[in-house]
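Chemist: Take a look at the letters that make up each chain.
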Amino acid sequence: MKPAPFEYHAPTTLDAAVQLLAGLGDEAKVLAGGQSLVPMLNLRLTRFEALVDIGRVEELRRIERTNGTVNLGATVAQCVVERDATVAAGVPLLAKATPLIGHFQIRSRGTVGGSIAHADPAAEYPAVALALDAELEVAGPAGRRTIPAADFFLGTWMTTIGADEILVATRFPVWGAGSGFAVEEVARRHGDFAIAGAAVAVTVTDGQVARAAIGLFGMGHTPLRASAAESALTGAAASGVDAAEIGRLAVEGLEPPDDLHASSGLRLRVGAATVSRALQRAIEEADRA
Amino acid sequence: MPELPVSVIVNGVSRTAVVEPRKTLADFLRDDCRLTGTHLGCEHGVCGACTVILDGRAVRSCLVFAVQAEGSEITTVEGLATDGELSAVQAAFESEHGLQCGFCTPGFVVSVTALLEQHPDPTDDEIREGLSGNLCRCTGYQGILRAVRVAAEATKARTA
Chain Z
1 MKPAPFEYHA PTTLDAAVQL LAGLGDEAKV LAGGQSLVPM LNLRLTRFEA LVDIGRVEEL
61 RRIERTNGTV NLGATVAQCV VERDATVAAG VPLLAKATPL IGHFQIRSRG TVGGSIAHAD
121 PAAEYPAVAL ALDAELEVAG PAGRRTIPAA DFFLGTWMTT IGADEILVAT RFPVWGAGSG
181 FAVEEVARRH GDFAIAGAAV AVTVTDGQVA RAAIGLFGMG HTPLRASAAE SALTGAAASG
241 VDAAEIGRLA VEGLEPPDDL HASSGLRLRV GAATVSRALQ RAIEEADRA
Chain R
1 MPELPVSVIV NGVSRTAVVE PRKTLADFLR DDCRLTGTHL GCEHGVCGAC TVILDGRAVR
61 SCLVFAVQAE GSEITTVEGL ATDGELSAVQ AAFESEHGLQ CGFCTPGFVV SVTALLEQHP
121 DPTDDEIREG LSGNLCRCTG YQGILRAVRV AAEATKARTA
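In order, the protein sequence lines correspond to chains Z and R. When you line the first sequence up against this note's numbering, it's residues 1 to 289, in that order. When you line the second sequence up against this note's numbering, it's residues 1 to 160, in that order.
Heads up, a few of these hints could be off.
In silico DSS-like links for lysine-lysine, alpha-carbon gap of 30 Å or less [claimed, not checked]:
#1 Lys23(R) to Lys2(Z)
#2 Lys23(R) to Lys29(Z)
#3 Lys29(Z) to Lys2(Z)
FYI, nobody ran anything at the bench for these hints, they're computed from the structure. Only a predicted model underlies this, so the values are computations on that prediction, with no experimental measurement involved.
When you get a sec, could you build the whole thing from the sequences and use the hints?
Modeler: Dropping the structure here:
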C-alpha cells in the first residue's frame, strides 16, 4: 500500500514542466491533484520513474471568462469550481456535476484537468466536457494545440494527449439565454463512481427545443454523446417531449460494461432513466430561465 | 531516488524533515512528526481515517505526498483541542457516543470540523453527505450524526 519509489519534480512554470516532461519521456507522469493517480500508485496498479507535479504552476490555476467561453486552468480544484461564480453563471452543467464527484475531501484536491485527462469513463467531468463540445488545450515540446472533446477520449484512462504533453486548460462554451442544465447519476453509495449517469443541456426558444446536448458516463469505454436522442429533441415542442422515449433512444445500440458493480443490462436501464430525469429537470430549468 | 527536504507548519509548529518523495503526508505526520493521531485505514482514499486540514481544506493525507505539502499549514486531530479543552466537535463525539473503538474517529472529527466551517448550520442531508467520505465499522453512524448536530449547536452558541 505504499507507492514504488519515484523522482519528484515540482516546476513553477508551464515551460519548465513541458521541458521536464520532454526530458523524462514516458517514464514520467504528470501529477495534478492526485486523487486518481495517487490511489493507483499506492495500490501499485501503476508506477512511474518520475512525477512532474504541476500543482505549483500558478498560470494553470486561473478561471477566465472570455467571449463565449469559460476557460478553466488544468489545476483549478473541484472545490473551487463548486463555489465559483464565473462557473455557476457560465457553465452551470459543470457546477452541477461537481458535488457528485467523490466526497468533499476529494474535491479539496481533485482538479478539473486531472479528472478530464485521467479519462475515467464513469467520471462526470469528461461527460460534461464532451456534451458541451469543450476544447482541450495541451502544451508540448512542439508548442500548443487544441483538441475538441469529441477527439479527446480514446478509451478507459486513455486520451489523445501525447506522453510529452500537458493539459493546460479546458474551454467550455457558454450557452445562451433560455438554457437549462442537469446531471443525474446512480451510484451504489454517495461518492462512488456512478453505475451510469447523464449530463444534459437544452436551450428552449419560443417553446421549442432549439439545442440539446446529452453526455453519458459509465456507459462505455469513454464518455459518450447521445446524438440520435439529441437530434430527436431538436425542434420538438418542449412541453411535449417524451423524456422516457428520449432516454430509451439515448442508450439504443450501446453495449455498456458488465462488471461486479452492475450488469450491462442494468446500466442500459439506469442510463435511460438518468437521461430521462436529467432531461426533464433541464427543460424545467430552461422554462424558468 | 533523491530524498527531498520538506518544511511545513503542523498545528502551529514548524516541522522539517528530509523524505523520500513517495512518502505520503500521512506517513510524514505519523513517522517524522510522531503525530500518530492521524490514522491510516485503507491508504487509497476510501476510508477517510487519515483526513487532515491542509491550507484550510480537509484532505486525505494518504493521497498527498509530503513533498507536495511543502510550505503548507496542516492541522491534525492533535491540533483541535485548545489548552487541553476538547473542541466543540470532539466534545460532541464524546457526549453523543460518536465513537466506540476510535480508529476512524480522528478522520471523522477533522472532517466534521471542516464541514462545520463550510456549513455552520447544516441540514441532516448536508450532514449525511458531509459524513459520506468517512467510514466507521463499529459505532454506527447515528451517534456520529447526533454528534454533528450537537457540535453545530455548540459552535453557534460559542460564537453567538
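Chemist: Determine for every hint whether it applies to the structure shown.
Modeler: Each hint, compared with the structure:
Our distance criterion of 30 Å between C-alpha atoms is met by Lys23(R) and Lys2(Z), whose separation comes to about 8 Å. Straight-line distance between C-alpha atoms of Lys23(R) and Lys29(Z) comes to about 17 Å, which keeps the hinted pair within the 30 Å bound. The straight-line distance between the Cα atoms of Lys29(Z) and Lys2(Z) is roughly 17 Å, inside the 30 Å bound, and the hint therefore holds.
Of the numbered hints stated above, none is contradicted by the structure.
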